[in-house]
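Chains A, B and C, in that order, are what the protein sequence lines are. If you count the first sequence from 1, you need to add 166 to reach my numbering. If you count the second sequence from 1, you need to add 434 to reach my numbering. If you count the third sequence from 1, you need to add 76 to reach my numbering.
Derived by calculation from the structure, the hints in this document are not laboratory data. Source: prediction; values computed, not measured. Any given hint might turn out to be false.
Claimed, not checked - To be clear about the criterion: a stretch of chain B counts as covered by chain C if any three or more of its residues have a C-beta under 8 Å from a C-beta of chain C, and this derived list gives those stretches: (1) 712-718; (2) 810-822.
As the list claims (entries may be wrong) - Once the Cα atoms are required to be at most 35 Å apart in a straight line, the calculated DSBU-like pairs of lysine-lysine come out as: (3) A/Lys445 - B/Lys1031; (4) B/Lys605 - C/Lys388; (5) A/Lys445 - B/Lys529; (6) B/Lys768 - A/Lys445; (7) C/Lys498 - B/Lys605; (8) B/Lys604 - B/Lys656; (9) C/Lys151 - B/Lys604; (10) B/Lys851 - B/Lys605; (11) B/Lys801 - A/Lys445; (12) C/Lys533 - B/Lys1031; (13) B/Lys851 - A/Lys242; (14) B/Lys1031 - C/Lys332; (15) A/Lys445 - B/Lys851; (16) B/Lys768 - B/Lys753; (17) A/Lys445 - B/Lys820; (18) B/Lys604 - C/Lys421; (19) B/Lys658 - C/Lys533; (20) B/Lys820 - B/Lys851; (21) C/Lys332 - B/Lys529; (22) A/Lys445 - B/Lys816; (23) C/Lys332 - C/Lys421; (24) B/Lys605 - C/Lys332; (25) B/Lys605 - B/Lys923; (26) C/Lys332 - B/Lys604; (27) B/Lys529 - C/Lys498; (28) B/Lys768 - A/Lys242; (29) B/Lys816 - B/Lys851; (30) B/Lys529 - B/Lys656; (31) C/Lys151 - B/Lys1031; (32) B/Lys820 - B/Lys923; (33) C/Lys498 - B/Lys656; (34) B/Lys753 - B/Lys1031; (35) B/Lys801 - B/Lys820; (36) B/Lys768 - B/Lys658; (37) B/Lys820 - B/Lys656; (38) C/Lys498 - C/Lys332; (39) B/Lys801 - B/Lys851; (40) B/Lys923 - A/Lys242.
From the three backbone atoms N, C-alpha and C, an ideal C-beta is built for every residue, glycine too.
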Amino acid sequence: MSDRPTPPGDDRPDQDLPRTPGSGREGLSPVPYQQDKAAPQDPDRMDDVTDRADGAGADGDATTYSVEKPLDLSQKSYSQGQLVRRRFLRHRGAMVSLAGLVVITVFAFSSIGYGWFPGWWEKEYWRGGLVLDQGRPTLELWPPALGEHPFGQDNAGKDYFALTMRGTQRSLIVAFTVGLLSTIIGTIIGAVAGFYRGWIEAILMRITDLFIVIPALVLAAVFGKMANGGIWPLAFLLSVIGWTGLARLVRGEVLSLREREFVAAAEAIGTGSGRIIFKHILPNTVGTIIVSATLAIAATILTESALSFLGWGVRAPDTSLGLLISTYQNSFQSRPWLFWWPGMIILAIALAVNFLGDGLRDAFDPRQNRTAD
Amino acid sequence: MTTTTDNYGDQTYTGSGTPLEGEEVVLAFDDVDVRFRTEFGSVHAVKGVDLRVRPGEVVALVGESGSGKSVTSMTAMRLLPSNARIGGAVNVAGKDVGRLSERNMRRLRGNDVAMVFQEPMTALNPVLTIATQMIESMELHAVARGQAAHDRAVELLGMVGIPEPERQMKKYPHELSGGQRQRVVIAMAISCDPKVIIADEPTTALDVTVQADILDLLRSLKDKLNTGILLITHNMGVVADMADRVAVMFKGEIVERGTVEEVLLRPQHEYTRMLLGSVPRMGAGRGQMGIRVREEVDAQAPMAIELRNLVIEYQRLGKPPFRAVDDVSFDVRKGEIVGLVGESGSGKSTIGRCALGLIPAASGDFKLLGEDVISMNRGQLKSLRKRIGVIFQDPAASLNPRLPIGDCIAEPLVVHKVGDRKSRQQRVYDLLEAVQLPREVYNRYPHEVSGGQRQRICVARALTLDPELLVADEPTSALDVSVQARVLKIFAELQDQFGFACLFISHDLAVIDLLAHKVVVLQNGKVVEAGPREQIMENPQEEYTQRLIAAAPVPDPIEQERRRRERHELLLAQGEEIAELQVDDISEFRGTISDEKDTF
Amino acid sequence: MLQFIVRRIAISSVVLLMGSALMFFATINSGDPLADLRESNAENRDQLIAARRANMNLDQPWWQRYLTWLVGASKCLVLSCDLGTTRNGANVNTMIVNAAGASLRLVTLSVILAIVIGIALGVLSAIRQYSGFDYSITFLAFLFFSLPVFWAAVLLKDFGAIRFNNWIADPALSTTAMAVVALVFALLVASVLGGDIRRQALTFLVTGAAVFGAVFAFDQVGWWRRPALGLPLILVGALLALAFFLTLTVGLSQRKIVVAGLVTVAAGLVAYFVTAPIMADPSGWLVILGLLAATVVVSGAIGWFFGGFERKLSMFVTIGTGVAFGFLVFMDRLLRNWGAFLEIKPRPISTIGSGIPQFDDTFWAEIFDWGVQLILPTMVLTLVSIAGYSRYTRASMLETINQDYIRTARSKGLSDRVVYSKHALRNALIPITTIVAFDFASLLGGAVITETIFGWKGLGAVFRDGLNTVDPAPVMGYYLVAGGAAVIMNMLADIAYAFLDPRIRR
């Protein structure tokens, strides 16, 4: 589906040609529209039909009857980034999710520690012990108390809290590494493909097409088996699979930004390609990149746990949330907590990250804002 | 702010030509007031508007963007978004729109009041055939059914001047040209024989010759069908051409009203005067609006652009390449402004982009500032680009939204490594002063300033390196007239001051007439005619140029009527047809309407 | 259009080829195929190793082995596949043929269900934007989107299979359960139908009462073990279907079409008695398909005869009604056989496997045999992928509703119903077709997980065993079927795209 090179300008011969499906230009990026830069961005400076009496413009507009919005220099200046941040911080769902995610992360890393960094929870995840009260959880909600084994014990008497925290750690490390790595790879390849087009683009599009014929999970399974249980190789190999989606999106954005007049203007004054990509194009795709990075993290959490569940991800003696569920799925009738905790944590992380992505999307794209919130 | 609508007592509003008591009125706005509730508070878009439209009459509602004219018209359809709070009363064909049930309101829409929208490209559903879209409203309002509806649709398409209507019925909108689509929209609007048509900027998106045809067609509607038309427009020329009465809107209020002669020839209100003063007039030549251009251009001045037999092609998959520019030759001398005129698809922007080195030429010679661009390598091109400035059409898209304005203007200095931080900043301050913006915008962002101000910033950026050549691609066509006047004035002053050569691309003949020394007229990628401004504008030789110039409306009803007659004569002389509703009398038009037609 | 589709297939084939090389290479490098033998203490260990080396051609370089496989697989083009053998010498062809049926049935069913339900939910939540319904759908979409498939599957296995089996042995519903069911239904219906507060309250009460009454009645008559619709319910259902199709098209104002629909229902009534002996135990699916074809022809003829000006619309309504009637009759028969099936299999939903081997009984019982096993895995897969469809449809629909041509349609006086169903929906569906291809691939991946949990001997199991033993032949066999199915699905999506968007039909 090599895309017909689109000539710029209003003399385009066949603007009515459809957008090829699968070309990444279907307008289905997680940021559905490039925001309208001309629209009023700031609530406090709505368009010129507001009630506010407008005096002579500060820029010395001679006539009172100009429809031109007077430049009000008494207003505080906000950059695009600041506006986005403000909108994001006002997004209730995203804030709650962010808090939840931070709590889970802090718990996972501080409780049992990481590497040489000691944690405050003294039980080890690999050490078995006496099974107390059939291993029931001792967590009390009110008055809040952790007790001896807040998440209970498994049949070997291992502390399930420590196990779950260890699993959460592993899952988070893999997810965030993949999120970061695949975003970097995807952004670079997508930008290069969209900007230079030609064979780089052709190869990129064929590679992304690969995921139409090979289920991503299947490829991940084969790669996961290659990783042989180590989380760093696993994270690396999953990144190698994970970048394509973002690359498609970035490519699509770059293609449309390339046609924008400010890029043409930069090109016309002799700006080099590198400067155009990094100074003019990529900063304007930040929305897409950040949103899809969050989605990649959520997807990775699910993929990693599924792989571990099937035995191709993290393996014993190390543990991960998926592996815990796999190990204890048959204890569901007798000791349901062994099944509930890791599942709920996966769900909580994925949900929080997805909502975070949603909040970011709203922040980057104010046209989809909810008025009735 | 003084208005003529101050008293809402017994006499609802004043202004000559308004309908008297007892006269038939098909559309009446009484003290219509619209507020939009947004999450940031209420926006008062329309503040007590009174307006009447009689049958067979065109009332123009004129204003610039944000004046509330479209919002006013949508109250008659009751199609405003749900966050609108509407006060006052709207009466369509004797029915109070505010009191109708939703069901009856739907019977009113399309049946008693129809709309013609601005964008023919998007006003039709792309996945349904013309036939489906034509027939559905007729069947809905029981005007005709089945085969009868189909026949009537064919007939209507013929009436609005679409060739081979039977064949077009099976087509999809994308297979028709913009002008044809607008004709389809008009055919749809009159299909149920509405009493009033609301035409919201019906010609703004069209080329000037197509605009003239569509206006002729609309005019014949009111003459032959006795339909009342509420024409919403920002174009004073269109008003002069069409309207019987005019109401001028400014910030949600009608500030002046009267017959078209009164308002356009003897404006009372300061805003109307300012607005009319900002419109460049075809044929009025130089010196309008205080814009002066240095007339004498050194005939021996070196060439800034030399084009010889330029050909530009776009590659298309599986088809022969599309030739956007075909064998074009012209020159631009230093210090000279050359206007490149043409309608959409003429290749004018393509030439401009080629001059900037953004598109390669397929063949021909292209010399910029005496150097051959086509054979240049990257480094040479860069040093050449230092000497060329550029302004684009869309002020919303031509500044990087992530960069502060100061950085935008200083970008050429940074790219070409001219000066240090301090001297660059000083240069930006100087340029801001030159385009009459305060220094404080240096640290602001593009989204914080208005369209006209952005375009002035673009002018400043184009001039940062003292270019010898400036390419201006439709620099004012996205701006309101009053804003355009200001930008043009600044532009002319700067050209006078710096003396750069300029390739000024525009579809607006009046603007070209105002600024250019030489004019090149393009059609379908070929040069139709080229020469000094006086020669082209006042004595065009080619048929196409004549048609083009004749089609441009002027904001003076008497003058415009003369021009319209001249244009019709010209068209007949050239063997073309004059657009009008192809129907002899009203009974022929109404004959196919079924007796069951919705009335309530 | 043909050119467009041919080009897409050509590209897909190239991609399929590239993918096969990648899969092959990755699979054989994913571990040591001799690992189990190296650790074994068997006396003939070395012999076994040598045998396997020979069996798997391990002495050849990887590309040579790949080419061997490729040559065998490319014979599929002339319908004589040779997909090689497993490391133990079992024929992969037979393995794949035995496994593919159940898996593809599962995935295809899930895709279709997900598309239909997902798009419907997406459209509804776009139309009722910012309503309680919209917020709930949005929240649920996020929830399902974030749901680990395997975890949900294990949960469903417990609640859907084990506890359902316990319950069906002696079915009885508590009043609380009935109330909850009625409440959920009432909330759903009220928020979908919308309107002002008073209307919504009324809808809520009526629906709640009706559902509660129905569930109570079912409970009283022991419907759960001996279900049936019966003629009255079939008639009510058919009339409801008629009403639905009428609302979708012309509304109730068109007398002729209403009459045509009623005649169709009457004809259905006659057909119900006429076909009763055939339906008691049809000899196979061909009979059912034949009856379906007859239904379409007869009801289409009725529509054509009574249609008047709007023949097309009228035929659409009558065929829709006729098929709905037929479906209800089919369901009635099916339900009547539930009791018989329960006799054979007292715990109807097994947690393992895709059906009883060599099950042989009436046509209806056979449907239950594999159908019941299909329910839970399908549910899991569908739930997960509904989320994506509903979100995309909602976004696409909202974007479409803001287009100029929708405003034009409204300005003609069309009602919301026509504006949405005729003008907006088709445009909104265009971008959705692109998602289908990707979604199908991800469902095939999801099937690997669900098949593992529900113990199916499907394609997922072939892949799983192959990968665990570092044996390329079964893995590549799986890849061929999955990839081929994905390419076909992709082609269908392209055809749908071309069907929806006239701009590429040229």
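Quick rundown of the hints versus the structure:
Residues of the region 712-718 of chain B lying with their CB closer than 8 Å to a CB of chain C number 0, which falls below the three-residue condition for coverage. Residues of the region 810-822 of chain B with a Cβ under 8 Å from some Cβ of chain C number 0, which does not satisfy the need for three, so the listed coverage is violated. For the hint pairing A/Lys445 with B/Lys1031, the CA-to-CA distance comes to about 62 Å; that exceeds 35 Å, so the pair is violated. Taking the CA atoms of B/Lys605 and C/Lys388, the gap is about 19 Å. The hint holds against a cut of 35 Å.
Of the pairs offered as hints, the one joining A/Lys445 and B/Lys529 is violated, with about 58 Å between alpha carbons and a cut-off of 35 Å exceeded. Note on B/Lys768 and A/Lys445: the hinted pairing holds, with a Cα-Cα distance of about 33 Å set against a maximum of 35 Å. A distance of roughly 18 Å separates the Cα atoms of C/Lys498 and B/Lys605; the hinted pair therefore holds under the 35 Å criterion. Taking the CA atoms of B/Lys604 and B/Lys656, the gap is near 29 Å; set against the 35 Å cutoff, the hint holds.
The hinted pair formed by C/Lys151 and B/Lys604 fails the criterion: a straight-line CA distance of about 46 Å is larger than 35 Å. A distance of roughly 56 Å separates the Cα atoms of B/Lys851 and B/Lys605; the hinted pair therefore is violated under the 35 Å criterion. At most 35 Å may separate the alpha-carbon atoms for a hinted pair to count; B/Lys801 and A/Lys445 meet this at roughly 31 Å. Among the hinted pairs, C/Lys533 with B/Lys1031 is inconsistent with the structure: their alpha-carbon atoms are about 65 Å apart, more than 35 Å.
With a CA separation close to 32 Å, the supplied pair B/Lys851 and A/Lys242 stays within the 35 Å bound. Distance restraint check for B/Lys1031 and C/Lys332: the Cα-Cα separation of roughly 18 Å lies within the 35 Å cut-off, and the hinted pair is therefore satisfied. Of the supplied pair hints, the one linking A/Lys445 and B/Lys851 holds, its CA atoms being roughly 16 Å apart against a limit of 35 Å. For the proposed pair B/Lys768 and B/Lys753, the alpha carbon gap of about 40 Å is over 35 Å, so the pair is violated.
Our distance criterion of 35 Å between C-alpha atoms is met by A/Lys445 and B/Lys820, whose separation comes to about 19 Å. Restraint check: the Cα-Cα separation between B/Lys604 and C/Lys421 comes to about 59 Å, which exceeds 35 Å; the hinted pair is violated. At most 35 Å may separate the alpha-carbon atoms for a hinted pair to count; B/Lys658 and C/Lys533 exceed this at roughly 77 Å. With a CA separation close to 11 Å, the supplied pair B/Lys820 and B/Lys851 stays within the 35 Å bound.
With a CA separation close to 31 Å, the supplied pair C/Lys332 and B/Lys529 stays within the 35 Å bound. For the given pair, A/Lys445 sits about 18 Å from B/Lys816 by alpha-carbon distance, which is consistent with the 35 Å threshold. With a CA separation close to 49 Å, the supplied pair C/Lys332 and C/Lys421 exceeds the 35 Å bound. For the suggested pair B/Lys605 and C/Lys332, the alpha carbons sit about 29 Å apart, so the restraint of at most 35 Å is met.
Of the supplied pair hints, the one linking B/Lys605 and B/Lys923 is violated, its CA atoms being roughly 46 Å apart against a limit of 35 Å. The straight-line distance between the Cα atoms of C/Lys332 and B/Lys604 is roughly 27 Å, inside the 35 Å bound, and the hint therefore holds. Restraint check for B/Lys529 and C/Lys498: the C-alpha separation of about 29 Å stays at or below 35 Å, so the hint holds. Our distance criterion of 35 Å between C-alpha atoms is broken by B/Lys768 and A/Lys242, whose separation comes to about 44 Å.
In summary, the hint linking B/Lys816 to B/Lys851 is supported, as the alpha carbons are separated by about 12 Å, within the 35 Å threshold. In summary, the hint linking B/Lys529 to B/Lys656 is supported, as the alpha carbons are separated by about 21 Å, within the 35 Å threshold. For the given pair, C/Lys151 sits about 67 Å from B/Lys1031 by alpha-carbon distance, which is inconsistent with the 35 Å threshold. Annotation: proposed proximity of B/Lys820 to B/Lys923 holds, straight-line Cα distance about 25 Å (limit 35 Å).
Proposed proximity of C/Lys498 and B/Lys656 is supported: the alpha carbons are some 32 Å apart, at most 35 Å. Of the pairs offered as hints, the one joining B/Lys753 and B/Lys1031 is violated, with about 49 Å between alpha carbons and a cut-off of 35 Å exceeded. A threshold of 35 Å between alpha carbons decides the hint, and for B/Lys801 with B/Lys820 the separation of about 15 Å falls inside it, so the pair holds. Of the supplied pair hints, the one linking B/Lys768 and B/Lys658 is violated, its CA atoms being roughly 54 Å apart against a limit of 35 Å.
Between the alpha carbons of B/Lys820 and B/Lys656 the distance comes to roughly 56 Å, so the proposed pair goes past 35 Å and is violated. The suggested pairing of C/Lys498 with C/Lys332 holds, with an alpha-carbon distance near 21 Å, which does not exceed 35 Å. Our distance criterion of 35 Å between C-alpha atoms is met by B/Lys801 and B/Lys851, whose separation comes to about 25 Å. Distance check on the hinted pair: B/Lys923 and A/Lys242 sit about 30 Å apart at the alpha-carbon level, within 35 Å; holds.
Hints 1, 2, 3, 5, 9, 10, 12, 16, 18, 19, 23, 25, 28, 31, 34, 36 and 37 from the list above are not met by this structure, while the remaining hints are.
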